[in-house]
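S.K.: Construct all of the structure, not just a fragment, from the sequences and the given hints.
In order, the protein sequence lines correspond to chains R and S.
For the first sequence, counting from 1, position 62 maps to 61 in numbering that gives the first Met the number 0; every step adds exactly one.
For the second sequence, counting from 1, position 365 maps to 364 in numbering that gives the first Met the number 0; every step adds exactly one.
Simulated from the structure, these hints should not be mistaken for laboratory data.
Certain hints may be false.
[As the list claims (entries may be wrong)] With a Cα cut of at most 25 Å, we get these calculated BS3-like pairs of lysine-lysine:
#1 K393/S / K329/S
#2 K2/R / K253/S
#3 K37/R / K476/S
#4 K52/R / K2/R
#5 K232/S / K253/S
#6 K15/R / K37/R
#7 K329/S / K2/R
#8 K52/R / K15/R
#9 K329/S / K253/S
#10 K329/S / K37/R
#11 K15/R / K2/R
#12 K329/S / K15/R
#13 K393/S / K37/R
#14 K37/R / K478/S
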Amino acid sequence: MAKTEVTSEVTGSVWKVERAEGDTVEEGDVILILESMKMEIPVEAPHAGVVAKLFVAPEDSVEEDQPLCVIES
Amino acid sequence: MTQSDPRAARQPIPAVPGTAEERLAELEFRRDQARRMGGPEAVDRQHAAGRLTVRERIERLVDDGSFREIGTLAGTGGYDAENRLVSFTPAPYVAGLARIEGRPVAIGGEDFTVRGGTSFGSTRRKGGQGGFIEDLAHHYRVPLVNLIDGAGGTVTSIKKRGYTVFPGVHGFERSVSLLGSVPVASAVLGTAAGGPAGRAILSHFSVMVRGGSQIFAAGPPVVRRSLGQTVDKEQLGGASVAVDTAGTVHNAAKDEQDALDQVRRFLSFMPSNVWELPPVVPSDDPTDRCEEALATIVPERRTQAYSMHRLVHMVVDRDSDFEIRPTFGKAVITMLARIGGRPVGIIANNPMVYGGAMDAKAARKQIHFMELCDTFHIPLIFFVDVPGFMVGTKAEEEGTLREGMRAVYVAGNLRVPTLTVVIRKCYGMAGMATCNKNDIDLKLAWPTGEWGSLPIEGGVAAGFRREIMAADDPVAKEKEIEAELRPYASPFRTAEAFAVEEIIDPRETRPVLSEFVALAERRLQINVGPRLRSGVQP
Chain R
0 MAKTEVTSEV
10 TGSVWKVERA
20 EGDTVEEGDV
30 ILILESMKME
40 IPVEAPHAGV
50 VAKLFVAPED
60 SVEEDQPLCV
70 IES
Chain S
0 MTQSDPRAAR
10 QPIPAVPGTA
20 EERLAELEFR
30 RDQARRMGGP
40 EAVDRQHAAG
50 RLTVRERIER
60 LVDDGSFREI
70 GTLAGTGGYD
80 AENRLVSFTP
90 APYVAGLARI
100 EGRPVAIGGE
110 DFTVRGGTSF
120 GSTRRKGGQG
130 GFIEDLAHHY
140 RVPLVNLIDG
150 AGGTVTSIKK
160 RGYTVFPGVH
170 GFERSVSLLG
180 SVPVASAVLG
190 TAAGGPAGRA
200 ILSHFSVMVR
210 GGSQIFAAGP
220 PVVRRSLGQT
230 VDKEQLGGAS
240 VAVDTAGTVH
250 NAAKDEQDAL
260 DQVRRFLSFM
270 PSNVWELPPV
280 VPSDDPTDRC
290 EEALATIVPE
300 RRTQAYSMHR
310 LVHMVVDRDS
320 DFEIRPTFGK
330 AVITMLARIG
340 GRPVGIIANN
350 PMVYGGAMDA
360 KAARKQIHFM
370 ELCDTFHIPL
380 IFFVDVPGFM
390 VGTKAEEEGT
400 LREGMRAVYV
410 AGNLRVPTLT
420 VVIRKCYGMA
430 GMATCNKNDI
440 DLKLAWPTGE
450 WGSLPIEGGV
460 AAGFRREIMA
470 ADDPVAKEKE
480 IEAELRPYAS
490 PFRTAEAFAV
500 EEIIDPRETR
510 PVLSEFVALA
520 ERRLQINVGP
530 RLRSGVQP
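M.R.: Pasting the structure below:
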């Protein structure tokens, strides 16, 4: 049972949330898209599993290293 | 002082050895004692702390059976009233010659089971900071591996010696000079402060154990005394600070074996010294491999990020990559790899991190990596997608402009062949740091390439301010001018003027690079030897 907290690599804001809590994801699936420095930055699932927790919503500001979601497998 | 094991010496060691048998027995006894290190209880304590002994570390790193120890018998003998040896404590440092993947290296490390690895004031050192093993590396021109597990200088030797000595006055000069002649790799496997911490930094590659080792200028007791700050050693100098935040140490390992494997991996790309070329390891990954996925890996929308890691992996030999500083300065990726079996240094901007904009940490990371590859004759390949320097208050406070221009300066002084592949953006002074005009200035570009002093977006707003302000609809006017200029920014126009050397099909990136990397070999041979550097980095 792997439980991985996915954190933000950048300071920016949440542009789109593509998955919801409870969704099953494959490794590499885009869970949400951040915006920073005018770039759209996809946040991908580090491994297959379920989106156990989603901590952010569209238009939230995020800081570098801030937890975004938890993927459980 | 450890007691001699009564079972080890069958009879007392005579004060003056007489027969050949007596002499060999004494040799065997002394060697046996040296191998026992600080004794079984001290070894158990080391294991209980989750750490290996220095002898175990050496064994796990070097080729089986290749360790030839030197200075085995250095230490302190305990003698009785008749001058017979009754005990022997080895020096708290183990060193010698060994082979790693068949090539000779000088290797040494503190023995923490003996007096916590602190130096015990003898006039001649085996290693630690300078010392015999570093002279050996210098004399025979072979790499040096430091397995660091010591706390550094101690005041307890003062009484024995009878006076104080200047810090590092003998030894560090060798540690410094080695950096220009042989690869130096250091694994921080304990809590390093003072001398050992400094020794770790004077390396081309350093690695520490995440959650297991720490490194700092001085530890919690000194910090508490100097600043009244209470902080534990992991908070002060664990990997999350020393590797991820500060870049003090290059890489983090998940355990000691991983740290040793990383040292091995690093050395596999390096020549034995600067007078040799790095080893070519034939690969069964065909150099004419084209990758369909590269045609579409760059998204159609310019604002969309993509995985530069994935892109680079498709080009280099499969499984040949070794990333340096993956968790620090993440706006740039620095990676040793192979193409057609030949070592290359990859410097790739990471669009996932601030669009790949170069910040102070990325600049520092790039500078170290360029100097490393330049020194050891490893051709550099830039995979470029950089919008410019990082902007904003935080970036200016971090001195991004100076750090970035230092990267430009170092890039401009490279002697090693460099190739530039523009994947997408190549703008501004950060873009300058990815090309080497002293070389043949070979820039290849993908059809998605775009470049200039600054991008059209933003550039128009600044350059055509008067026209925009005078217009009835300034926003529409700005967009109109941008649309007018955009066709001129097509990379094919630049190619017509031969201001970019070639635009390639992304799918052919690997075969194209393979040819130029193979071509570089003759140039590398002409330029073997040490790098002479002059000028002051800005």
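S.K.: Given the hint that K232/S pairs with K253/S, does the C-alpha gap stay at or below 25 Å?
M.R.: At roughly 18 Å apart (the allowed maximum being 25 Å), K253/S and K232/S satisfy the hint.
S.K.: With the threshold set at 25 Å, check whether the alpha-carbon distance from K393/S to K329/S stays at or below it.
M.R.: 16 Å, holds
S.K.: Check whether the Cα positions of K15/R and K37/R lie no farther apart than 25 Å.
M.R.: The given pair, whose Cα atoms are some 14 Å apart, holds under the 25 Å limit.
S.K.: Between the alpha carbons of K15/R and K2/R, is the straight-line distance 25 Å or under?
M.R.: Judged against 25 Å, a Cα distance of about 23 Å means the pair holds.
S.K.: Has the given pair, K329/S with K2/R, been kept, meaning a C-alpha gap of at most 25 Å?
M.R.: With Cα atoms ~24 Å apart, K329/S and K2/R stay inside 25 Å; holds.
S.K.: For the pair supplied as a hint, K37/R and K476/S, confirm whether the alpha-carbon distance does not exceed 25 Å.
M.R.: Cα-Cα ~21 Å, so holds.
S.K.: So if I understand the rule, the pair passes when the alpha-carbon distance is 25 Å or less; does K329/S with K15/R pass?
M.R.: 23 Å, holds
S.K.: Do the alpha carbons of K393/S and K37/R lie within 25 Å of each other, as the hint requires?
M.R.: 17 Å, holds
S.K.: Are the Cα atoms of K329/S and K37/R separated by 25 Å or less?
M.R.: Judged against 25 Å, a Cα distance of about 18 Å means the pair holds.
S.K.: Can you confirm whether the C-alpha distance between K52/R and K15/R stays at or below 25 Å?
M.R.: 16 Å, holds
S.K.: Going straight from one Cα to the other, do K329/S and K253/S come out at no more than 25 Å?
M.R.: With Cα atoms ~19 Å apart, K329/S and K253/S stay inside 25 Å; holds.
S.K.: Below or equal to 25 Å on CA atoms is what counts here, so check K2/R against K253/S.
M.R.: 17 Å, holds
Hint compliance for this structure: every hint is met.
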